[in-house]
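Asker: Sequence:
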Amino acid sequence: LDDSKTPLKNLSLCAVFKIVVTLVLVATKNVNIYGTAIADVVFYSAAFVLNMRAIKRKINLTYSFGKIVARPMLAAVIMVLCMKLLKLAFGGLVPARVSTTIMAFAGIIVYAILLVLTKVVDIKEICKNVFKRTKANQT
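The sequence shown begins at 5 in this note's numbering and counts up one residue at a time.
There may be inaccurate statements among the hints.
Claimed, not checked - Once the Cα atoms are required to be at most 30 Å apart in a straight line, the calculated BS3-like pairs of lysine-lysine come out as:
#1 Lys123 - Lys62
#2 Lys13 - Lys91
#3 Lys91 - Lys136
#4 Lys22 - Lys9
#5 Lys22 - Lys60
#6 Lys88 - Lys33
#7 Lys22 - Lys33
#8 Lys9 - Lys60
#9 Lys136 - Lys33
#10 Lys62 - Lys13
#11 Lys88 - Lys9
#12 Lys123 - Lys136
If you are wondering where the hints come from, they were derived from the structure by calculation, not from laboratory data.
The structure presented is a predicted model; accordingly, all values stated were derived computationally and were not measured.
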């Protein structure tokens, strides 16, 4: 896009905002150290929004907010709920390392399935790209 200044300005602005949010939240009695994680989420979200706006203006891009933000976020929330249910189901029956490994793999599978079900990704497109790369690597 031949524009490195706009993302730099956006990230700089968001970094200053992140510092302010971090200082305020960490100083808040009930939030404490969790304020750093909240500030990170705010920082990356604001940077994403500002950079997407800049790209949209620069190249007249049209995109679906639901497809690139809302649906993946919904899939992530459902994945977390499934993992919490798994944790409750294991409830000390399985050693922690084993249950964590199972939960991680289950989370990946659930998230992938949800991305396909919510039509964020197209399974045909994935298969086409995977097989195209496999054929290219074989030659």
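Asker: It remains to establish, for every hint, whether it holds in the given structure.
Answerer: Here is how each hint holds up against the structure:
1. At roughly 27 Å between alpha-carbon atoms, Lys123 and Lys62 fall within 30 Å of each other, so this suggested pair holds.
2. Restraint check for Lys13 and Lys91: the C-alpha separation of about 43 Å exceeds 30 Å, so the hint is violated.
3. Pair hint Lys91 plus Lys136 does not hold up; C-alpha atoms about 38 Å apart against a cutoff of 30 Å.
4. This hinted pair checks out: Lys22 and Lys9 have alpha carbons roughly 20 Å apart, not beyond 30 Å.
5. Using a Cα cut-off of 30 Å, the hinted pair Lys22 and Lys60 holds, with the two alpha carbons roughly 24 Å apart.
6. Taking the CA atoms of Lys88 and Lys33, the gap is near 27 Å; set against the 30 Å cutoff, the hint holds.
7. Pair hint Lys22 plus Lys33 holds up; C-alpha atoms about 19 Å apart against a cutoff of 30 Å.
8. At most 30 Å may separate the alpha-carbon atoms for a hinted pair to count; Lys9 and Lys60 meet this at roughly 16 Å.
9. In summary, the hint linking Lys136 to Lys33 is not supported, as the alpha carbons are separated by about 54 Å, beyond the 30 Å threshold.
10. A hinted pair counts as satisfied when its Cα atoms are at most 30 Å apart, and Lys62 with Lys13 qualifies at roughly 15 Å.
11. Taking the CA atoms of Lys88 and Lys9, the gap is about 43 Å. The hint is violated against a cut of 30 Å.
12. With a CA separation close to 21 Å, the supplied pair Lys123 and Lys136 stays within the 30 Å bound.
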